[in-house]
Amino acid sequence: MTTPHATPRATTEGTVYTVTGGDWDEVVETAAKSDDERIIVNMGPQHPSTHGVLRLILEIEGETVTEARCGIGYLHTGIEKNLEFRNWTQGTTFVTRMDYLTSFFNETAYCRAVETLLGIEDDIPDRANIIRVLLMELNRLSSHLVCIATGGMELGATTIMIYGFRDRELILDAYELITGLRMNHAYIRPGGLAQDLPPGAVDHLRELLKTLRKNLPEYDKLATGNPIFKARMQDVGYLDLAGCMALGATGPILRSAGLPHDLRKTDPYCGYETYDFDIPTAETCDAYGRFLIRLEEMRQSLRIVEQCLDRLEPGPVMVGDKKIAWPAQLALGPDGLGNSLDHIKNIMGTSMEALIHHFKLVTEGFRVPPGQAYAAVESPKGELGVHVVSDGGTRPYRVHFRDPSFTNLQSMAAMCEGGQVADVIVAVASIDPVMGGVDR
Amino acid sequence: MSDEQRSGSSPDDQHDQPADEAGSSVPSARGQAAEVIGVRKGMFGTDSGGGDTSGYGGLIRTVSLPGAASRPYGGRDGVFDEIADELEGALEEQGLLPADAIEKTVVDRGEITFHIAREHLVQVARTLRDDPALRFELCTGVSGVHFLGDKGRELHAVYHLRSLTHGRLIRLEVSAPDSDPHVPSLVEVYPTNDWHERETYDFFGLIFDGHPALTRIMMPDDWQGFPQRKDYPLGGIAVEYKGAQIPSPDQRRSYS
Amino acid sequence: MGLEEKLPSGFLLTTVEQAAGWVRKSSVFPATFGLACCAIEMMTTGAGRYDLARFGMEVFRGSPRQADLMIVAGRVSQKMAPVLRQVYDQMPNPKWVISMGVCASSGGMFNNYAIVQGVDHVVPVDIYLPGCPPRPEMLMDAILKLHEKIQTSKLGVNAEEAAREAEEAALKALPTIEMKGLLR
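In order, the protein sequences belong to chains A, B and C. Letter 192 of the first sequence, counting from 1, is numbered 191 in numbering that gives the first Met the number 0, and no numbers are missing. Letter 81 of the second sequence, counting from 1, is numbered 80 in numbering that gives the first Met the number 0, and no numbers are missing. Letter 11 of the third sequence, counting from 1, is numbered 10 in numbering that gives the first Met the number 0, and no numbers are missing.
The shape of chain A in the complex, shown without the other chains:
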């Protein structure tokens, strides 16, 4: 039987029907005639439950998934290649758009790699490091909130989605106050930060912390003990420690298998060794354990943010080396982020050398000595590593991001095979892949 929507094709494994839409009755009728119940279902790349443009290729028998594979690359953006044609500072503008839910982590990882190449990683001012940590921890909150929100929505729990985005909005307001943008900030630059915190930011953040402390227990009340939620999540997406290690899974997936591995503790950066916080783990190896870990990590992030606010001392936010630091003190002008008018008056009016220096640094950028470096940060999804190669020029020779989403998504097959189709959604949601990071 042939219809325009389901054309049979003989293969070595039997007749295969390619279904592109249309009347499902015909498809079912055709499939019923053959004696096996094996169907290959393509979920995505455009599917409301696949967390972005992820394509899941599922071989199912009845309701059981016998084989699961991912098709990725539908959001491949060529960012790594684009970086090779922009100078080192402009790079942050690109990397912030990789995993767009963890912008500050991408920026910090990239900047730390560049700083290692420049040999200035110890010269970053304390204030810059504290603000980096502060923003990263807020970012961990907002990323986990999206994970829980969309994960809930994919289970059909729209309430969680509304709650998650409500709190994320509050955090985005803080970003907007500090960086000027809700997403894709490009605020962390090689050598420090684009500019200092604006007036009133600390008070705003203290208020935010109060609100978040009030709101976070609501997720606990709503979901943690909810029998439906537990029934959907518990023992689903199972991946034990051996599986995690073999597949290179990091982040909440690894910690849900009981290993308290967190780069903030094991390989501290940006002064994380001086903060007081805990690494939550679970022994359940399942989606529910990962959910609980994310909840607890959000609480720990609040603790870190509070410590950051207590530590903030006035000071510079950029390295002192004028060959690297942006020449002007950036100021908030009427048009958003701009050069300080005093600085422009100085270089245009009195100092020709400063003008030349400014021009060269802005158009060419600084040079980075040849070599390679690897910097890693603990993003909300796991180890985010950046491999940067310089050939001594003003542009990166090669930048490679080891994105945790990309690596963790490999474990999808191990988590899903043998389970039910509905559990695939739960498993993928518990991995929390962001396709911008997977495909880059």
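Mixed in with the good hints there might be a few duds.
[Said to hold, decoys possible] Chain B stretches covered by chain A per the calculated footprint, using a threshold of three residues with CB under 8 angstroms from any CB of chain A:
1) 62 to 72
2) 91 to 100
3) 107 to 116
4) 181 to 192
[Unchecked claim] Here are the simulated lysine-lysine pairs, DSS-like style, with alpha carbons at most 30 angstroms apart:
5) Lys144(C) with Lys179(C)
6) Lys171(C) with Lys148(C)
7) Lys322(A) with Lys40(B)
8) Lys148(C) with Lys241(B)
9) Lys94(C) with Lys153(C)
10) Lys209(A) with Lys229(A)
11) Lys150(B) with Lys229(B)
12) Lys241(B) with Lys179(C)
13) Lys344(A) with Lys359(A)
14) Lys171(C) with Lys241(B)
15) Lys322(A) with Lys241(B)
16) Lys171(C) with Lys94(C)
17) Lys40(B) with Lys321(A)
18) Lys229(B) with Lys359(A)
19) Lys150(B) with Lys40(B)
20) Lys359(A) with Lys321(A)
21) Lys264(A) with Lys322(A)
22) Lys144(C) with Lys171(C)
23) Lys264(A) with Lys213(A)
24) Lys241(B) with Lys359(A)
25) Lys171(C) with Lys153(C)
26) Lys209(A) with Lys220(A)
27) Lys144(C) with Lys241(B)
28) Lys40(B) with Lys229(B)
29) Lys321(A) with Lys344(A)
30) Lys359(A) with Lys40(B)
31) Lys213(A) with Lys229(A)
32) Lys322(A) with Lys359(A)
33) Lys94(C) with Lys144(C)
34) Lys179(C) with Lys148(C)
[Stated by the list, open to error] Just the calculated beta-carbon pair ranges, DEER-fashion:
35) Ala243(B) with Asp277(A): 55 to 61 angstroms
36) Gly56(B) with Gly319(A): 32 to 38 angstroms
37) Gly118(A) with Arg70(B): 21 to 27 angstroms
38) Ala172(C) with Ala421(A): 50 to 56 angstroms
Simulated from the structure, these hints should not be mistaken for lab results. Think of the CB as a built atom: it goes at the ideal place given N, C-alpha and C, for glycine as much as any other residue.
Fit chains B and C to the supplied structure of chain A, relying on the hints for placement.
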């Protein structure tokens, strides 16, 4: 293992073929000195002679990557020497001459890089993973780098290995010539490299021998060429504005 | 005054076109076509604070068969373009497209081998929405502008006439490169 022993005593290093001979399918011998990967001409690194009116058009500078380090390698509390000793010892136990497997060791910016001969990569990786004193359990994937100027060793594959047990991080680097872009696959040692190797194949055309299914992962299956190689254009188009046209970033004059 | 004044109260007179436009614009069903960063802002727009339900379109349809608006939210890669076109083809007429964000509108900062330089190479676009990513308010503004467009769209013979006029105008239009003056 002293430096004199490592420099050129192995028979593999004695191939008397020029390093820049095109079409050879054997990676050229790796010198211990700094590796020249390119030459910059003029003030701004522009390729063409025209356009550079600075008077420095005749300026020629070679670009070289950091060269081999000599003992002691250092690191925090001499950890790099410890790793190198353990690795060399473990390889010797398996009857493999460390000088054959480890072409050179570079310590730069607080990171250690072992340049591994590609035919020994799997054995070295397995040793690094399984030896109790090394225990690099986590491979953070492979990153390809295309050095057009590094004749005879254009394609590099860079692996970062992390030891959760000991809290260490090292880098392995293997290289292959453009004319024979083959590197053994590490999937049997680190299954996590499955997608990473597919990605590197997709972008650089590095063929990982022994990979279970080396297919394109990011680009469409019928894509021509390997887009992140240096000889592949960025592929941008010129952008039109009112009365003006801005060329794509790779077509503009560069100040690199 | 017109006829309306003489009729008993409770009656409104309008044209079929306007009535159809009013009905259509009041219940636009967007298909979820979230791709990248903009998709997150699109979800935000649907969530509590911005509440797209105020404009009768909080229900994002998973199936293109039930949708008449495609919000292309994010960068379209060469690999995604055929998928996007297929989803568009599966949507029933009449249908509209909002190209959300610079990446979808023109390729944006990703002027390279991987990204389609403007989704209008693949599907016809009704509203181009700049921003990287556009704020939820901007998306709502785009949606309201689309509502206006739907309200004033023509039917039947008039629609054919309007399409012909638009095509003629496009053929006569000055190419961008020949335009002179300030960049605005």
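Would you list, in rising numerical order, the hints stated earlier that this structure does not obey?
2, 15 and 21
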